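**Q** As given, the protein sequences belong to chains C and Y, one line each in that order.
Going left to right, the first sequence walks through residues 1 to 278 as the working numbering numbers them.
Going left to right, the second sequence walks through residues 1001 to 1278 as the working numbering numbers them.
Some hints could be false.
[As the list claims (entries may be wrong)] Using 30 Å as the maximum straight-line C-alpha spacing, the simulated DSBU-like pairs for lysine-lysine come out as follows:
| no. | chain 1 | residue 1 | chain 2 | residue 2 |
| --- | --- | --- | --- | --- |
| 1 | C | Lys221 | C | Lys202 |
| 2 | Y | Lys1180 | C | Lys221 |
| 3 | Y | Lys1265 | C | Lys265 |
| 4 | Y | Lys1096 | C | Lys180 |
| 5 | Y | Lys1084 | Y | Lys1221 |
| 6 | C | Lys258 | C | Lys234 |
| 7 | C | Lys265 | Y | Lys1180 |
| 8 | C | Lys234 | Y | Lys1122 |
| 9 | C | Lys122 | Y | Lys1122 |
| 10 | Y | Lys1234 | Y | Lys1202 |
| 11 | Y | Lys1202 | C | Lys122 |
| 12 | C | Lys202 | C | Lys234 |
| 13 | Y | Lys1265 | Y | Lys1180 |
| 14 | C | Lys84 | Y | Lys1221 |
| 15 | C | Lys46 | C | Lys221 |
| 16 | Y | Lys1265 | C | Lys122 |
| 17 | Y | Lys1122 | C | Lys221 |
| 18 | Y | Lys1084 | Y | Lys1096 |
| 19 | Y | Lys1180 | C | Lys258 |
| 20 | C | Lys180 | Y | Lys1202 |
| 21 | C | Lys180 | Y | Lys1196 |
| 22 | C | Lys84 | C | Lys258 |
| 23 | Y | Lys1084 | C | Lys221 |
| 24 | C | Lys202 | Y | Lys1196 |
| 25 | C | Lys122 | C | Lys180 |
| 26 | C | Lys180 | Y | Lys1086 |
| 27 | C | Lys202 | Y | Lys1180 |
| 28 | Y | Lys1122 | C | Lys258 |
| 29 | Y | Lys1234 | C | Lys122 |
| 30 | C | Lys258 | C | Lys96 |
| 31 | Y | Lys1096 | Y | Lys1221 |
| 32 | Y | Lys1122 | C | Lys265 |
| 33 | Y | Lys1258 | Y | Lys1086 |
| 34 | Y | Lys1086 | C | Lys122 |
| 35 | Y | Lys1234 | Y | Lys1221 |
| 36 | Y | Lys1086 | Y | Lys1265 |
[As the list claims (entries may be wrong)] Heads up, incomplete: computed chain C residues facing chain Y, CB under 8 Å, no partners named:
| no. | residue |
| --- | --- |
| 37 | Gly20 |
| 38 | Thr245 |
| 39 | Thr247 |
Derived from the structure by calculation, the hints contain no laboratory data.
Quantities reported herein were computed from a predicted structural model and do not represent experimental measurements.
We treat Cβ as the ideally placed atom computed from N, Cα and C, and that holds for glycine.
Number of protein chains: 2
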Amino acid sequence: MDALTPEHSDKNSALGQRYGAAIPPTGPWNETIASLLQHRSVRGYKPDPVPAGTLETLIASAQSAATSSNMQWWSAIAVTDSAKKKALAEIAGGQKHIEECPLFIAWVADMTRNQRISDQEKVDFECMPWLETFMVACIDVALAAQNAVVAAESLGLSTVYIGAMRNDPVRVANLLGLPKQSFVVFGLCVGYATEKAAGEVKPRLPQGIVLHHERYDAGQKAALHQAYDAEMTKFSQRHELQAATWTQRVLNRLGPIKSMNGREKMRTALASLGFEIR
Amino acid sequence: MDALTPEHSDKNSALGQRYGAAIPPTGPWNETIASLLQHRSVRGYKPDPVPAGTLETLIASAQSAATSSNMQWWSAIAVTDSAKKKALAEIAGGQKHIEECPLFIAWVADMTRNQRISDQEKVDFECMPWLETFMVACIDVALAAQNAVVAAESLGLSTVYIGAMRNDPVRVANLLGLPKQSFVVFGLCVGYATEKAAGEVKPRLPQGIVLHHERYDAGQKAALHQAYDAEMTKFSQRHELQAATWTQRVLNRLGPIKSMNGREKMRTALASLGFEIR
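Based on the sequences and whatever the hints tell you, model everything.
**A** Structure representation (structure tokens):
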């Protein structure tokens, strides 16, 4: 049968939005996958609150993600208070969507909870001060939060991660009353997108650059890179973004130290919050 | 209406498996969320291959996850070669499911690709050597991989993350031909679970311990902690796990340095792979 079924048409349209002309040879497809492909980070929210119980549904989804050795290295702090959201928005360099969104979730790498077991049971935790353990906590946070994002978007809600909580981890920790050995890895705005902010799916690098078989393929792939630069130029023109190509965005983002917004001091800030990261 | 609809019955059953008696007051529910709640890490696979195009569907899902400033800090290496899977299983301390699964995906924090732009355009990337940038790369990897897990499970496939790739990051990098400034954050087995390995949903901490409102609640919550220890004891008895309570598992996992399987040397290993992590 040559005619496209509605399902195939949706699939090709979703892949076209994500990859432009470089559509990968995907196989199985369903509604969950269609929802994943439709992801957009949204930076404008209506004031409407999320339905009762939504937060608990998101947290149940987050807790269902894998967690290394079931250590469950994270906590979530739901923030709905206007003054607190305003203070967080300010730390994040004035991102007004943090104020606008009805629900802001701070995702905490929480080593306090397990450390407390060490104290109570009087067993020295030799595994705590290492880079490995710190990384595992951050990864646990990310796996959990991503499940919450998937759940939120499946319910018609929009989200955006707020990495700028790391502009000043100490101030964020004070504002949210965090104990030592915990810090906010990132925030997440949750709510209903305004029409203007709903936006468009952002193209990603062709799979030929990202996916390798059996071994890393270190070939330069200049043609694929150029094709992606062209896709991002078209996307930038439609959205009036400053930088035209992906290459230019990478140069702007990673070149000058000022684009880190002070996050080069993270190690010192985390040390003062009780993280050794040996 | 008092009678439970099938949907509500499924929801309560899913929450009961995840939380035991401590069922949280969740709200909205749908098939995607039901699939998230059903997650289990599976350590036994049938030899059946995954359907054609599945890998590309999983990678399209992964690439649709949020990525910090669209830097796309990751690559994926699909491994299906038996000898290579065997070598990886050995590095992971003999985890035979790595050999068994038809598809193993190595998730790479890939700072090489962006670094190459620095070299080509002759612009110094001042933002590269910091803990912040390393963390962002690891978080990008985790968000992407979790989307792939969600997609795989929605298709009836099972998965398990393999953190033990970090037991020897240098050997893994050599085996997969990684360039400098890239390393395997974790692996992922993908395939069809054997009946024996399909297993049971693992209970998690009550939401009252994990979820906070407006501020971190540093109260001890001993009753909730004990209730979870009791749930995990029942779960352990059903599955003949060694440690009975969660508390005991935490003591075993974080107490003695030997339970890190050498990963306390990660920082040195990563330095030799070109990661400064200042």
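**Q** Which earlier hints can't be squared with this structure?
**A** Result: hints 4, 5, 9, 15, 21, 24, 26, 31, 34, 37 and 38 break, sorted rising.
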